[in-house]
Structure formats: C-alpha cells, structure tokens
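A.B. asks: Residue numbers (the numbering used here), protein chains in the order written: chain A, 7 to 348; chain B, 14 to 383.
Derived from the structure by calculation, the hints contain no laboratory data. Where is the CB? At the ideal position from N, CA and C, for every residue including glycine. A hint or two may mislead.
Under the rule of at most 20 Å between Cα atoms (straight-line distance), these lysine to aspartate or glutamate pairs were calculated in the EDC-like manner [said to hold, decoys possible]:
| no. | chain 1 | residue 1 | chain 2 | residue 2 |
| --- | --- | --- | --- | --- |
| 1 | B | 340 | A | 227 |
| 2 | A | 168 | A | 267 |
| 3 | A | 310 | B | 169 |
| 4 | B | 344 | A | 145 |
| 5 | B | 181 | B | 110 |
| 6 | A | 168 | A | 113 |
| 7 | A | 310 | A | 63 |
| 8 | B | 181 | B | 56 |
| 9 | B | 340 | A | 145 |
| 10 | B | 181 | B | 113 |
| 11 | A | 310 | A | 145 |
Chain B is faced by these chain A residues, among others (derived, beta-carbon under 10 Å) [what the hints assert, rightly or not]:
| no. | residue |
| --- | --- |
| 12 | 135 |
| 13 | 156 |
| 14 | 163 |
| 15 | 164 |
| 16 | 178 |
| 17 | 329 |
| 18 | 337 |
| 19 | 339 |
Estimated spans, in silico, between C-beta atoms of each pair [to be verified]:
| no. | chain 1 | residue 1 | chain 2 | residue 2 | range |
| --- | --- | --- | --- | --- | --- |
| 20 | B | 136 | A | 168 | 38 to 48 Å |
| 21 | A | 337 | B | 231 | 24 to 34 Å |
| 22 | A | 168 | B | 44 | 23 to 33 Å |
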Amino acid sequence: MSTTTTTKRPPAAESRTPSKAAQLLGDRRLPVLVTAGLFLAMYVVGLSRYQNYGFGEAQVFMNLFIDNGYLLVAAVGVTFVILSGGIDLSVGSVIGFTTMFTAWLVERQGLPILVVIPMALAVGAFGGFLMGYVIHNFEIQPFIVTLAGLFLFRGLCLVISKESISIGDSSVSSMAGAQVSLGAGFLSIGAIVALVVLAVAFYVLHYTRFGRRVYAVGGNEQSAMLMGLPQGGTKIAVYTISGFCSALAGLLFTLYIQSGDPLHATGMELDAIAAVVIGGTLLTGGSGYVIGTLFGVLVLGLIKSLIQFEGTLSSWWTKIATGVLLCAFILIQRAMTARRKT
Amino acid sequence: MTTTPRWRALTHHHLFWPVAVLVILLLVNVPFTPDFFSIKMTDGHLYGSLVSIVLFGSPLILVAVGMTLVIATGGIDLSVGAVVAITGALTCSYISDQADQSALSGVFLAMGIGLVAAVVCGLWNGFLVARMGIQPIIATLIIMVAGRGVAQLITDGQIITVNSEPYKLIGGGYWLTLPFSIFVVAAVVAVTVALTRRTALGLLVESVGGNAEASRLVGIRSMRIKIMVYVFCALCAGIAGLMISSNTSAADGNNAGLWIELDAILAVVIGGTSLLGGRFSIGGTVVGALVIQTLTTTIYTIGVPTQTNLVFKAAVVIIVCLMQSPKFRAKVFGGRFGTKPGAKGGTGQPAAAQAEPAAATEPAPKMEVS
Numbered sequence: 007m008s009t010t011t012t013t014k015r016p017p018a019a020e021s022r023t024p025s026k027a028a029q030l031l032g033d034r035r036l037p038v039l040v041t042a043g044l045f046l047a048m049y050v051v052g053l054s055r056y057q058n059y060g061f062g063e064a065q066v067f068m069n070l071f072i073d074n075g076y077l078l079v080a081a082v083g084v085t086f087v088i089l090s091g092g093i094d095l096s097v098g099s100v101i102g103f104t105t106m107f108t109a110w111l112v113e114r115q116g117l118p119i120l121v122v123i124p125m126a127l128a129v130g131a132f133g134g135f136l137m138g139y140v141i142h143n144f145e146i147q148p149f150i151v152t153l154a155g156l157f158l159f160r161g162l163c164l165v166i167s168k169e170s171i172s173i174g175d176s177s178v179s180s181m182a183g184a185q186v187s188l189g190a191g192f193l194s195i196g197a198i199v200a201l202v203v204l205a206v207a208f209y210v211l212h213y214t215r216f217g218r219r220v221y222a223v224g225g226n227e228q229s230a231m232l233m234g235l236p237q238g239g240t241k242i243a244v245y246t247i248s249g250f251c252s253a254l255a256g257l258l259f260t261l262y263i264q265s266g267d268p269l270h271a272t273g274m275e276l277d278a279i280a281a282v283v284i285g286g287t288l289l290t291g292g293s294g295y296v297i298g299t300l301f302g303v304l305v306l307g308l309i310k311s312l313i314q315f316e317g318t319l320s321s322w323w324t325k326i327a328t329g330v331l332l333c334a335f336i337l338i339q340r341a342m343t344a345r346r347k348t
Numbered sequence: 014m015t016t017t018p019r020w021r022a023l024t025h026h027h028l029f030w031p032v033a034v035l036v037i038l039l040l041v042n043v044p045f046t047p048d049f050f051s052i053k054m055t056d057g058h059l060y061g062s063l064v065s066i067v068l069f070g071s072p073l074i075l076v077a078v079g080m081t082l083v084i085a086t087g088g089i090d091l092s093v094g095a096v097v098a099i100t101g102a103l104t105c106s107y108i109s110d111q112a113d114q115s116a117l118s119g120v121f122l123a124m125g126i127g128l129v130a131a132v133v134c135g136l137w138n139g140f141l142v143a144r145m146g147i148q149p150i151i152a153t154l155i156i157m158v159a160g161r162g163v164a165q166l167i168t169d170g171q172i173i174t175v176n177s178e179p180y181k182l183i184g185g186g187y188w189l190t191l192p193f194s195i196f197v198v199a200a201v202v203a204v205t206v207a208l209t210r211r212t213a214l215g216l217l218v219e220s221v222g223g224n225a226e227a228s229r230l231v232g233i234r235s236m237r238i239k240i241m242v243y244v245f246c247a248l249c250a251g252i253a254g255l256m257i258s259s260n261t262s263a264a265d266g267n268n269a270g271l272w273i274e275l276d277a278i279l280a281v282v283i284g285g286t287s288l289l290g291g292r293f294s295i296g297g298t299v300v301g302a303l304v305i306q307t308l309t310t311t312i313y314t315i316g317v318p319t320q321t322n323l324v325f326k327a328a329v330v331i332i333v334c335l336m337q338s339p340k341f342r343a344k345v346f347g348g349r350f351g352t353k354p355g356a357k358g359g360t361g362q363p364a365a366a367q368a369e370p371a372a373a374t375e376p377a378p379k380m381e382v383s
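From just these sequences and the hints, can you work out the full model?
C.D. replies: Below, the structure is given as structure tokens:
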C-alpha cells in the first residue's frame, strides 16, 4: 500500500510531505475502519450513559442483529448493485410486497409456510431479473427502471389487499419465536439467516469469479467489456441477487412483525442505501466491502437503540442522524476519490 | 398515417403526443361521467372536473417545472418532497404562533421564512452537486432522508393546523372565479418560460446538461448554472409546499408531499424531457403533470379500485422509458420508428410515447447518472 501511494504522488505542493494523512486517505479500507470506529465509539458512549439501564448486557448487542436482520439482508443485496455501479430503489417495495404476498398466501389461501417461502423468493428474484434485463438490454438508467419497480410492487401490494393481514398461523409464530441460545444471549432465526447471507455474500464477492466481475463492471464498465467479461450477465445477476435479497428480507420482516401490510417498509430502500454508503462502499461502484455494510447497518441500528434508551428523544431524530451521517460519509468518499484521481 | 406535410408537422411537434394522451384520458371520462366537461358557476366560483384537475394538480406542476430544469442539466432532485414538508411545517408553525393568524404581515413573513428555508435547501443541494461534484441522486438523497426528520422536528411530530383566511387563499381560495393556485402556477410557468426561452439562460442550461465540461471550457459558468437550477427547483417545491399546507390548513411533516418527487420526475419524462439532460420542454412538463393528475382523477371516476393507481403509473413509466430507449426502438420497430407514429396502433399511450421522444430526443451522450 505504502509504496504505491508514494509513487503515485502528484508533483503538487504536498508531494514533499507524503504525510501519513495522505496515505490514509488513499487506503480503500479507510471508510470501513471509520465506520467500525464510529460504531465502537457510539457503543462506548451508550455504555457510559446507560449502564444503569442495562445497556451493557450482551442481549442488547444481540438485539441489534435481531431488530435489524431484515435491513442487513436488504443492504447486502443493495451492496451488490452499488458495487456494480447501479442503484436499486425497489428494495422497500419488494419487502412490503413479500410481507403482503406471504400473509395473503398463508392466511387467505391456507398454504403452508414452507411452500410459500420458495414462492416468495422466486417472485422477488424474478422481479429483480426483469429489472436487470431491462436495464441491460435497453440501456435505461437503473434509477428509473427500479423506480418503476418501486411503483409496481407497491401497487401490487395494494392490489392484494388494502388492509393489513395479520398472520396467526402456528408454524409461522413458532418460527418467529424460535431462539438460538448463544451463551450470554440468544438470536432469532432472522438474525441467523442475516448473518448467513452476509457470510455467503462475503465469500461470493471476494473469493469467486463472479465477485471480481461485479467489481470490474462497477470500476469501469468499458474496460470490463474490453477485457471480455460477460458484463450483461453480471449486471442482470446483480439485480436478480438484489431482488432475491429483498424478498428474503421481506420474509424476515414478516417473521419479525408477523403481519402483511401494504405500507410495510416504505422508504426502506433509503435505509439500505444509507447503510451501504455509511459502510464505505463507493456510490460510483467498484470499491467497497460487504463487511462495511454490516457496520453501516449496525450503526443505524445503534442510533435507533440509543434513541430508545435516551427516552426523551423523539423518533425523528433517527432520520436526522441518518442524514447527517450519510452526508459525512459522502464527503469522506469525495475526499478519497478526489485524491485518487489527481 | 396520412402524409400531408401539415399533419406530419403536427405529429412531430414535441408537444403533440403528450397532449394527445391528455385528450384521450379526458375523453375516457365522458362515458362514465357525462357532464365531465361541464363547468358550473356557484357562488361566484367555477366548479367542475376540469377546474379541480388543475387545482389538485397545481403543486405537482410547480414541482415538475423546477425538476425539469434540474433534469435538463443532467441532474435529479430527490429532495423536493422533503422541501415541501419543511416549507409547510415552518410556515404553519409560524402562523399558528401568531396572536392574530389572519394578519397579512404575519402571513407574508411566515411564507417568507418558509421560502427562505426552501432556498437554503436548494443552495445546499447545489453546493454538493456543483462544488463538491457528488452525483445528484446521492447529494439530494441527504435532504430527502434528513428533511422529513427536520420537518417533524419543527412540527414536534404533530399535525399543526392553522386558521388563517389570507393563508387559505394560496392553496384553496378563489380569485376572479378561479382557484387562486391556478394564477400562482401560471405566473411561475410564465416567468420560467420567459427566463429560459426569451433569454440565453435556457440555452446555457441545456449546454450544461449536454456536456458540463465542454460548457465550462467555452466560458459558461456551469457551476453557477447548476446551483441556480437546484435553488430554483427548491423554490418551486417551497411554493408547492405552501399550496399543499394552505389547501389543508395543516402541516404534516410526515405525509406532506410524500412521493411527489417521483410523480414530478414522471411528469418530466412524459413531457418529453430526456433524463440524460441537455434538452427540456416546460410546456411538455406542464402537460405531463396534468396527464398524471388526470390519470388519478380518471381512476377515481371510472370506478377502478384506487389501489391500482400505482400499478398504472408503473406501467406508464416502463412504457415511456422503453420508448425513449433507442435500443428498444431499434429492436422492436426496426428502423421505421418516428416516421409512422401510429404504426403500433391500438392504445394511445404506447403510440404516443413511441413517436414523441423520437421527435424530441436524439441519442444523447451516455452519462453516469446513478
């Protein structure tokens, strides 16, 4: 790392002092480290302030995963898309649709949940595939195609039913209530699934050919194409993964909340994108780590639980804090990319 | 189908297909509500479906006009919904604190404060996009996320209601027998058209959208133009925010202007402005916004369940975008597109969308927007 940064140094005024700060800014891992540091700092602040209220218990930490498992899964899907240089706005709608679809099939049609799960996942993946197909084959911007997806899935929710459907099915509630003991605390099935998804995504992105392709397409589509990488297939696959992850997140959300509602998860695409950005993935694509996304989700989750522990703060501070963090990390990214280009 | 030059000139006019869609949508209503086009005079006010379409559509028109200029520079502004909420919240909370809520000076001051807040949001967006060089979709995402929180902070999470006659005028009042908001919209649109088409400003905006770097090299201050369009867009959103909160006499930090950014973008696209930037049509946008409002009204009147509204919109977005895509046109219509606008026949919308961009847009240089 250090050799490349010093040789690349431009002949500008600061070239005399290849300072540590400059080296640090060039390091791709910096945003992830900053986020991890921020998470730790927030956790320590939480510990010192609310220790008497039981903030230090291991279960509070586990709850971060239990309460944000669905967001983590959705954010992992979005990480793939953003790494490839695209964006997916349909995440929240697909989650909402999946809750509705699942609740409707289980409650109104009486299908067993084990049959419904693959169906819901297939619908989500197919939706993602369609969007990817349109984006690649007709060269329409991902933003506008996934916006149409947002409208479509939210509309389909409302077509299924205007009212929320609560799930009273016993197998669903036993799944939702299942706990996996981990010594000091327990995790729900949702949290376990989220962690498994994270591990799989980590493996795929960093240790498979497909993962390298995603980075290559996001880094520079033109070069990736000239190198002969199947750039179309990669793009479509990335949106399919995102659709699949959104549907899975929707299933976890259904378990978490045990109902389907056409207004579930409105705006969750923004949370997911914010988590990915805070996790240090460059929005221009091609650079970032899925581990960063984990920290991004944890930071967002920690903000929520800190606000809960504070008690006097109202829920809208979550939005403001998210916005401020988003802004700070975008500016850090900007400083990084500006340095790398010069 | 006919090849008389006049007909061809008409169908190739960039406003033809959006207007045609609008007319078709309006006509669809007639079998369901025979007196759809009738306008009654009651208590010195005009009432009728057409009047209410314009009345309810006016905030959308305003936001969409601002959005058109932003999109013309190759950007996008997602924060307009949040700006609508902030402006309404600030103005209403200021008015509700007054002893005499109907005092003109207080109402004007409150509106001034709201609009200044909107302009500040616009400056911030412009600063991030133009000066810091952040992609517009991301830069405006910040206010989109944080702005709703700020609006709720201002209203303290409540829905603030006001009882002020002068303030009621902007969004719900009547003047010269017509809804007052129509005059506001007309004034804003007229000023915008005058500024962009009677001066060089419109050309500069288009050149920045076509190629920001090249425009800078020929001496256009592209940074300043970009900041200006974001401020203008936020200002339009602010006025729309005044209108929405005045119409309901209440400020709702959570729901005011929810998803208006998506509707506005849709209106701009239907109006024939390319999302790639470099070309815009204010008239098209106004028609586009009216199309969306008419679509909503039509769905109500013909008795289709209102919940299919979003599915409809999704279909319209997909069709319009597919038709704008040069690759799609080449695949589906071969090389003939544009010369036979009715070729696909049948339904109005695909045909409309198909030929309209063909006339209005050429394959623009590919740009990374998202």
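A.B. asks: Compare the structure with each hint and give your call.
C.D. replies: How the hints compare with the structure:
In summary, the hint linking residue 340 of chain B to residue 227 of chain A is supported, as the alpha carbons are separated by about 18 Å, within the 20 Å threshold. Under the criterion of a C-alpha separation no larger than 20 Å, the hint pairing residue 168 of chain A with residue 267 of chain A is consistent with the structure, at around 8 Å. Proximity of residue 310 of chain A to residue 169 of chain B is assessed by CA-CA distance (about 18 Å); at most 20 Å being required, the pair is judged to hold. Of the supplied pair hints, the one linking residue 344 of chain B and residue 145 of chain A holds, its CA atoms being roughly 12 Å apart against a limit of 20 Å.
Between the alpha carbons of residue 181 of chain B and residue 110 of chain B the distance comes to roughly 16 Å, so the proposed pair stays at or under 20 Å and holds. With a C-alpha separation of about 15 Å, the suggested pair residue 168 of chain A and residue 113 of chain A falls inside the 20 Å cut-off, and the hint holds. For the proposed pair residue 310 of chain A and residue 63 of chain A, the alpha carbon gap of about 17 Å is at most 20 Å, so the pair holds. Only pairs whose Cα atoms come within 20 Å are accepted, and residue 181 of chain B paired with residue 56 of chain B is accepted, the gap being roughly 18 Å.
The straight-line distance between the Cα atoms of residue 340 of chain B and residue 145 of chain A is roughly 7 Å, inside the 20 Å bound, and the hint therefore holds. Straight-line distance between C-alpha atoms of residue 181 of chain B and residue 113 of chain B comes to about 14 Å, which keeps the hinted pair within the 20 Å bound. Of the supplied pair hints, the one linking residue 310 of chain A and residue 145 of chain A is violated, its CA atoms being roughly 39 Å apart against a limit of 20 Å. Taking 10 Å as the C-beta cut-off, the interface hint given for residue 135 of chain A is violated, the closest approach to chain B being about 15 Å.
With 10 Å as the threshold, the beta carbon of residue 156 of chain A comes within range of chain B, its nearest partner Cβ sitting at about 8 Å, so the hint holds. Annotation: interface hint on residue 163 of chain A holds; nearest CB of chain B at approximately 8 Å, less than 10 Å. The restraint placing residue 164 of chain A at the interface with chain B holds, with a minimum CB-CB distance near 3 Å, inside the 10 Å limit. A distance limit of 10 Å between C-beta atoms decides the matter here; for residue 178 of chain A the minimum to chain B is near 25 Å, and the interface restraint is violated.
Interface hint status for residue 329 of chain A: upheld, as the beta-carbon distance to the closest one in chain B is roughly 2 Å, under 10 Å. The beta carbon of residue 337 of chain A is positioned within 10 Å of a beta carbon in chain B (closest approach about 7 Å), and the interface hint is therefore held. Restraint check, residue 339 of chain A versus chain B: the minimum CB separation of about 8 Å is within 10 Å; hint holds. Our hint of 38 to 48 Å for residue 136 of chain B and residue 168 of chain A holds, since their Cβ atoms are close to 41 Å apart.
A hinted range of 24 to 34 Å for the beta carbons of residue 337 of chain A and residue 231 of chain B is consistent with their spacing of about 30 Å. Separated by about 26 Å at the C-beta atoms, residue 168 of chain A and residue 44 of chain B satisfy the suggested range of 23 to 33 Å.
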